[in-house]
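For reference, the chains in residue letters:
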Amino acid sequence: DAKTTQPNSMESNEEEPVHLPCNHSTISGTDYIHWYRQLPSQGPEYVIHGLTSNVNNRMASLAIAEDRKSSTLILHRATLRDAAVYYCILRREYGNKLVFGAGTILRVKS
Amino acid sequence: DVKVTQSSRYLVKRTGEKVFLECVQDMDHENMFWYRQDPGLGLRLIYFSYDVKMKEKGDIPEGYSVSREKKERFSLILESASTNQTSMYLCASSLFGRTSNTEAFFGQGTRLTVV
Numbered sequence: 217d218a219k220t221t222q223p224n225s226m227e228s229n230e231e232e233p234v235h236l237p238c239n240h241s242t243i244s245g246t247d248y249i250h251w252y253r254q255l256p257s258q259g260p261e262y263v264i265h266g267l268t269s270n271v272n273n274r275m276a277s278l279a280i281a282e283d284r285k286s287s288t289l290i291l292h293r294a295t296l297r298d299a300a301v302y303y304c305i306l307r308r309e310y311g312n313k314l315v316f317g318a319g320t321i322l323r324v325k326s
Numbered sequence: 062d063v064k065v066t067q068s069s070r071y072l073v074k075r076t077g078e079k080v081f082l083e084c085v086q087d088m089d090h091e092n093m094f095w096y097r098q099d100p101g102l103g104l105r106l107i108y109f110s111y112d113v114k115m116k117e118k119g120d121i122p123e124g125y126s127v128s129r130e131k132k133e134r135f136s137l138i139l140e141s142a143s144t145n146q147t148s149m150y151l152c153a154s155s156l157f158g159r160t161s162n163t164e165a166f167f168g169q170g171t172r173l174t175v176v
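If you read the sequences in order, they're chains P and B.
Be aware that the first sequence starts at 217, since it is given in my numbering, and climbs by one per residue.
Be aware that the second sequence starts at 62, since it is given in my numbering, and climbs by one per residue.
Think of the hints as simulated: they come from the structure by calculation, not from any bench.
Bear in mind that the values here come from a model prediction, so they are computed numbers and not experimental data.
Glycine included, every Cβ here is placed at the ideal spot set by N, Cα and C.
Possibly wrong hints are sitting among the right ones.
Computed spacing ranges between beta-carbons, pair by pair [stated by the list, open to error]: (1) B:L156 / P:P223: 27 to 33 Å; (2) B:K74 / P:N272: 25 to 31 Å; (3) P:A318 / B:F81: 42 to 48 Å.
For lysine-lysine, the following DSS-like pairs were computed, each having C-alpha atoms within a straight-line distance of at most 27 Å [to be verified]: (4) B:K131 / P:K313; (5) B:K132 / P:K219; (6) B:K132 / B:K64; (7) P:K285 / B:K116; (8) P:K313 / B:K118; (9) B:K131 / B:K116; (10) P:K285 / P:K219.
Just need the whole structure built from these sequences, with the hints factored in.
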């Protein structure tokens, strides 16, 4: 399985945008890029996913590099409720496995 | 509202006991997963199942087994619990097939302590 690399932790100010990077240099053509987050004392929750094009939803935006070797999760205006561990995961088109890495701890300051 | 329900939020068991962790989903999902989460080690996949009676080992299956007799239920079994199995256990489910439609949903977790 292709691996992802994320910074251990990041810090942001409330109301400011946050850009969470993920490197996946060994990504294959059929790998989708998924992002999940885990709030304190909760199970992970889905945030967004994409294949080649940038994606937007009500929670976040996903920017995917042209060569697909990296991606960035964008939270447009961080709130205290966005403080969580964010996981970047690669998942095959018909793959069933969902394997998590260490993730990035996002701290949001008021 | 979609739901993955784990039978217990907190569980305390003795070393050597046989432990069953139950997970039920109401979304008619084919895939179900069991993870454990430990500080500094993140979420690690123990087993997953993509159909009734089908299972595949994840990254850390040793000391665990699973059972999937019905589509909605996936059980994790610790045949003889040991203290190093003290952990947070998380269950998840997702649809099978193209990952464009296979967002995974997680339960709230079971914190198991083996004494």
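Going through the hints against the structure:
Separation of L156 of chain B from P223 of chain P is about 31 Å and conforms to the stated range, judged on CB atoms against 27 to 33 Å. The hinted range of 25 to 31 Å is not satisfied by K74 of chain B and N272 of chain P, whose Cβ atoms lie roughly 45 Å apart. Distance hint check: the CB atoms of A318 of chain P and F81 of chain B are about 30 Å apart, inconsistent with the given range 42 to 48 Å. Taking the CA atoms of K131 of chain B and K313 of chain P, the gap is about 20 Å. The hint holds against a cut of 27 Å.
Taking the CA atoms of K132 of chain B and K219 of chain P, the gap is near 30 Å; set against the 27 Å cutoff, the hint is violated. With a C-alpha separation of about 14 Å, the suggested pairing of K132 of chain B with K64 of chain B holds against the 27 Å cut-off. Distance restraint check for K285 of chain P and K116 of chain B: the Cα-Cα separation of roughly 32 Å exceeds the 27 Å cut-off, and the hinted pair is therefore not satisfied. With a C-alpha separation of about 10 Å, the suggested pairing of K313 of chain P with K118 of chain B holds against the 27 Å cut-off.
Annotation: proposed proximity of K131 of chain B to K116 of chain B holds, straight-line Cα distance about 13 Å (limit 27 Å). The suggested pairing of K285 of chain P with K219 of chain P holds, with an alpha-carbon distance near 11 Å, which does not exceed 27 Å.
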